Every structure is written in C-alpha cells, then in structure tokens.
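**Q** Letter by letter, the chains look like this.
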Amino acid sequence: MKERIKKLLEDALPLVDFDSNFLFRELDSLGITTILMTLSEEFNIKLEAKDATPKNLKSLDSLVALVESKLSK
Amino acid sequence: MSFMRLVDYLERDAELYPNKIAAICNGESITYKELYSKVLEKSSEFKKGEVVPFRSSQSIDFLITYFAIHKAKAVAAPLEKDIPQSRFDEIASSLSSSSVPEEVADILFTTGTTGKSKGVMISHRTIVSNGENLIEGQLFSHDLLFVINGPMNHIGSLSKIFPVTILGATLYILEGMKDMEKFFESLDYPANKVATFFVPATIRMLLQFSEERLASYKDKIDFIESGAAPLPHSDMLKLCEVLPNTRLYNTYASTETGIISTYNFNDGRCIPGCLGRPMSHSKVIITPDGKISCKGDTLMSGYVNDPQLTATILRDDTIFTSDLGVLDEEGMLHIKGRESDVINVGGFKVAPTEVEDVAMSLPEVKDCICISVEHKITGRALKLLVVIKEGETLNKQRIARFLRERLEAYKVPMLYEQVESVKRTYNGKMDRKYYNNF
Numbered sequence: 001m002k003e004r005i006k007k008l009l010e011d012a013l014p015l016v017d018f019d020s021n022f023l024f025r026e027l028d029s030l031g032i033t034t035i036l037m038t039l040s041e042e043f044n045i046k047l048e049a050k051d052a053t054p055k056n057l058k059s060l061d062s063l064v065a066l067v068e069s070k071l072s073k
Numbered sequence: 074m075s076f077m078r079l080v081d082y083l084e085r086d087a088e089l090y091p092n093k094i095a096a097i098c099n100g101e102s103i104t105y106k107e108l109y110s111k112v113l114e115k116s117s118e119f120k121k122g123e124v125v126p127f128r129s130s131q132s133i134d135f136l137i138t139y140f141a142i143h144k145a146k147a148v149a150a151p152l153e154k155d156i157p158q159s160r161f162d163e164i165a166s167s168l169s170s171s172s173v174p175e176e177v178a179d180i181l182f183t184t185g186t187t188g189k190s191k192g193v194m195i196s197h198r199t200i201v202s203n204g205e206n207l208i209e210g211q212l213f214s215h216d217l218l219f220v221i222n223g224p225m226n227h228i229g230s231l232s233k234i235f236p237v238t239i240l241g242a243t244l245y246i247l248e249g250m251k252d253m254e255k256f257f258e259s260l261d262y263p264a265n266k267v268a269t270f271f272v273p274a275t276i277r278m279l280l281q282f283s284e285e286r287l288a289s290y291k292d293k294i295d296f297i298e299s300g301a302a303p304l305p306h307s308d309m310l311k312l313c314e315v316l317p318n319t320r321l322y323n324t325y326a327s328t329e330t331g332i333i334s335t336y337n338f339n340d341g342r343c344i345p346g347c348l349g350r351p352m353s354h355s356k357v358i359i360t361p362d363g364k365i366s367c368k369g370d371t372l373m374s375g376y377v378n379d380p381q382l383t384a385t386i387l388r389d390d391t392i393f394t395s396d397l398g399v400l401d402e403e404g405m406l407h408i409k410g411r412e413s414d415v416i417n418v419g420g421f422k423v424a425p426t427e428v429e430d431v432a433m434s435l436p437e438v439k440d441c442i443c444i445s446v447e448h449k450i451t452g453r454a455l456k457l458l459v460v461i462k463e464g465e466t467l468n469k470q471r472i473a474r475f476l477r478e479r480l481e482a483y484k485v486p487m488l489y490e491q492v493e494s495v496k497r498t499y500n501g502k503m504d505r506k507y508y509n510n511f
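Read top to bottom, the protein sequences are chains H and P.
Quick note: the first sequence uses this note's numbering, first residue 1, plus one each step.
Quick note: the second sequence uses this note's numbering, first residue 74, plus one each step.
If you're looking for bench data, these hints aren't it; they were derived computationally from the structure.
Just so you know, not all the hints are guaranteed correct.
DSS-like mimics (lysine-lysine), calculated; alpha carbons at most 27 Å apart, straight line [what the hints assert, rightly or not]:
id, chain 1, residue 1, chain 2, residue 2
1, P, K368, P, K409
2, P, K311, P, K93
3, P, K93, H, K70
4, H, K7, P, K449
5, P, K439, P, K462
6, P, K462, P, K409
7, H, K50, P, K449
8, P, K364, P, K502
9, P, K462, H, K7
10, P, K255, H, K46
11, H, K55, P, K154
12, P, K291, H, K46
13, H, K58, P, K255
14, P, K311, P, K255
15, P, K311, P, K291
16, H, K6, H, K73
17, H, K6, P, K449
Just so we're clear, the structure is a prediction, and the values are computed from it rather than from any experiment.
Construct all of the structure, not just a fragment, from the sequences and the given hints.
**A** Okay, structure coming up:
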C-alpha cells in the first residue's frame, strides 16, 4: 500500500520529496489538491478539504493512515 | 486638490479611521494608525529615487515595506518569495544601474516571450487608477474584508491593496490556499461582507472538496473575482449555483495593461469568455487584425532599462496585446485566445524557451520542448517532452529538481514524457503550433 501510494504521488508531483517528514510544509495548494484527487480516484474514497490537515499530510505514513481509515469506513 | 498617491490615502485613513483594522495576518492585526506609524518609521531606511528589490512575503511586514518605500519616494520592486538567490542577485544588480522615471512607484517582474524577466514600471497614478477601476467595477466598499490568498508580488493580489487602501477597508492576508481551514477561518472573521480573488485552479479545488462548506457562506461573500486564466464554463455555472447571491467577476487585466474590464457572470446569462465593459479609466480598441489594445491611466510606464522592448507593445499611449478579442453590441469585451508562445498556467506566464534552455543543460537531455496540456485541476499544466540520449533513462524527479534549483516553482513542469523526437518546422524551428492541441 505504501509503495503504491508513493509511486502514484511521485508520478503526479515530481518535485515533491515523499520521504520527507515535513511534507505539508513542502506542498502548495495545487500539490494538496493533486494528492486529494489522486487518492480519492485511485481508492474510490471521499476526501474533503477538512481531511487536508497539516497532521494528515505530515508524511507518506500519515497519508497511508488517512487512506486506510477512509477505506475501513 | 493635488494628486494623492496610494500612501497619501493610507495617511488619510490613519487620520479618519485610526482604530480601524487595516490588515489581519496569522492571528495578528494592525490598525490604520499603527500601520501608518510603522510605515513612517521604516521609510527612513530608503532614499528618494532608489529602486528597492525585496523578497515579498504574505505578511503585514510586506505592507509596511511596500508603503514605506513609496513614502520615501523610492521604487518598490517586490520579487517572488521563493525566487532562487542567484536570480534575486541578477535582478538586483540590473536594477541598481537603472534609470527610472520619477513617476514610477513599482517595478513588477513578469515573464517575457524570450524567457527573460521583464520589469514592468507602474506609476503612482496607475496604481490609484487601478484602485478606482476596481471600486467602480466590482463595488468595493469601506466595510469590506478582502481576503488575499495569492502572492503579493503578482498584480492579481497586489492590486487589491489599492481599492482597500483608497476606501479604508480591511485586508486579510493568507499564506496561500493550501490550508483550506485557514481560508474558511478568514470567512468567519467578523465583517459585514467578505470578498476574494481566486485563480481558476482554486475555484476548481473548492468546488471539488468544499462545495457545501462554501455554500454555507453564500450570504456573507459579497463577491469573488477570478482572472489570470480562463475559468471553465462548467465551473462558472457551478459557482453561480453554489453562491446565488454573490457577484462573480471575470476580469481582463495584466501587469502591463492594468485592470481594464470586468464582468459579473452571475447575471443570469453566465457568458463564457466575456470580460465585461471597460472601466472608467480604460478604453479598449480592437485592432484590424483582431487583437485587444488598451488605452488609459492604468497602463504601465514601460519596461525598465528596455525602451526597445517597450516600443514593441507600447506606442501612441496604447498597449497592443497579443490577445485576440471582440467587442459586442453591448460594448462588452470577449476574449478569443492568444497569439503568443507564452503559456499561461493558472495566471502565471511561462516562456517555454526559458524552461527548455535550462533543461537542455542537463547532460542526458538531447532535445526537449515545453508545451501546455489540459490538467484536471489547473486547467493547463506544463509538460516537458524530452528526447533522452542513447543509453540514458528519463528521471522525472532529477529533471524537476534541477529545474527548480534554477527557476521559480511555477515554471517547473508537472508532467514529463520521453519522446523520440521534437517536431520542427521546415526551417528547423520548434513547431509549437503542432503541440497546441495536446
């Protein structure tokens, strides 16, 4: 799951370092939107603006956790 | 009465509304009286006639520096907040030896067709005329809270300081739109009316991820302006549905022409491509070959240090753009496209040659072309088609990071594709037209 998300997002946002633990700081609004759209399409989950918190977007691991929590609902 | 510069309006605001909040940013706020006193204090750092390049920031400090430079009768040259240091130094050194006419207040940098940054000189009169155009065209008011969410050195956001200061209204400055919670917090700020400016990608993002939340502010959002790049018609219709009581404007403006015309597309007709009637300081003329040209007090004074380049678009007090347009029987301007190689990505102009030149300096790149393609969020996005030398492979991350070290972030393509060759015309030039419909 983690590798799949990493590959998808790296493909969509080649400038972003998804190994970073300060992911939110490195992103701009376009990057955040791209992440939300890519993940919601790929996993068929509903993501909203309120999911795009600095905590949820802190690192690849926190993104994986976000997807997993949406999938389990 | 003698002509009042924007900073003179600020002084007047400090007298008339000393305790009114002038700006809010990151939980801090400043009154007009405090703001003007900080501007006075800071202005001693600048000399009359001096050109002052500085990194812009989304902060109250930006306002203090900007007004202090004007107060000292110096010239403000705000640059991208994340501009690479080498480019900052290059621009600073070219500005230090420049001769600037006395009327000039700001030098704003924008991309030219050749990829070199051009410094657009804006006079004090131009600033006030742009402000008055916006007040008239979009009904800014004294009790308005205007939320700025874009970079302060770009005319789209910078120009909103003008009507707000002329009227003594209030600015709410956001870092950007990445934290949408912060944006909604700005709408919760106690004010009768709020308004903002969005690039089309932000509207798409809000409609996609926060439609219901946005709709809950339908009685508070006085107006939203969009511009800089075309807003898809489906998004225009959707926005009218979500915010039925809000004025929604499409504006024709550029750094060179200033703010020319605006159209409220929430008028029941929602005409795509319509940019409304020219405002009172502006006049639009369509040239015999169908291009938009503009006259009036909002035009730039010229490009700094480049009278030859200035003469290519500014002649007889008229700016000749490369936008194709028509005026209808109601006197409203409609845009029909652009006859230029410059690519507009969400309001930022990018010269493909500049991106290509940098990418070509990578050893594995044999040839490349930078084109614009449809993108589900931004409308248009940059894509680099790369011919890789034999034995090497395409590494997107490496190219993207290499470009980022040398260029502003918005000039770095989001998409990359390896190709066998780049199409050229019979005389060897890149066939950009061939790639127009990608």
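**Q** The structure should be examined with respect to each hint, and the outcome stated for every one.
**A** Results for each hint:
About 20 Å separates the Cα atoms of K368 of chain P and K409 of chain P, which keeps this hinted pair within 27 Å; it holds. With a C-alpha separation of about 36 Å, the suggested pair K311 of chain P and K93 of chain P falls outside the 27 Å cut-off, and the hint is violated. At roughly 45 Å between alpha-carbon atoms, K93 of chain P and K70 of chain H are farther apart than 27 Å, so this suggested pair is violated. Only pairs whose Cα atoms come within 27 Å are accepted, and K7 of chain H paired with K449 of chain P is accepted, the gap being roughly 19 Å.
This hinted pair checks out: K439 of chain P and K462 of chain P have alpha carbons roughly 5 Å apart, not beyond 27 Å. Taken as a hint, the K462 of chain P and K409 of chain P pair is broken in the structure, with Cα atoms around 40 Å apart against an allowance of 27 Å. Between K50 of chain H and K449 of chain P the CA atoms are separated by roughly 21 Å; this keeps the pair inside 27 Å, and the hint holds. With a CA separation close to 25 Å, the supplied pair K364 of chain P and K502 of chain P stays within the 27 Å bound.
This hinted pair checks out: K462 of chain P and K7 of chain H have alpha carbons roughly 25 Å apart, not beyond 27 Å. About 21 Å separates the Cα atoms of K255 of chain P and K46 of chain H, which keeps this hinted pair within 27 Å; it holds. Between K55 of chain H and K154 of chain P the CA atoms are separated by roughly 25 Å; this keeps the pair inside 27 Å, and the hint holds. A distance of roughly 24 Å separates the Cα atoms of K291 of chain P and K46 of chain H; the hinted pair therefore holds under the 27 Å criterion.
For the proposed pair K58 of chain H and K255 of chain P, the alpha carbon gap of about 17 Å is at most 27 Å, so the pair holds. Restraint check: the Cα-Cα separation between K311 of chain P and K255 of chain P comes to about 23 Å, which is no more than 27 Å; the hinted pair holds. For the hint pairing K311 of chain P with K291 of chain P, the CA-to-CA distance comes to about 13 Å; that is within 27 Å, so the pair holds. Under the criterion of a C-alpha separation no larger than 27 Å, the hint pairing K6 of chain H with K73 of chain H is consistent with the structure, at around 22 Å.
Using a Cα cut-off of 27 Å, the hinted pair K6 of chain H and K449 of chain P holds, with the two alpha carbons roughly 20 Å apart.
Hint compliance for this structure: hints 2, 3 and 6 are broken, all remaining hints hold.
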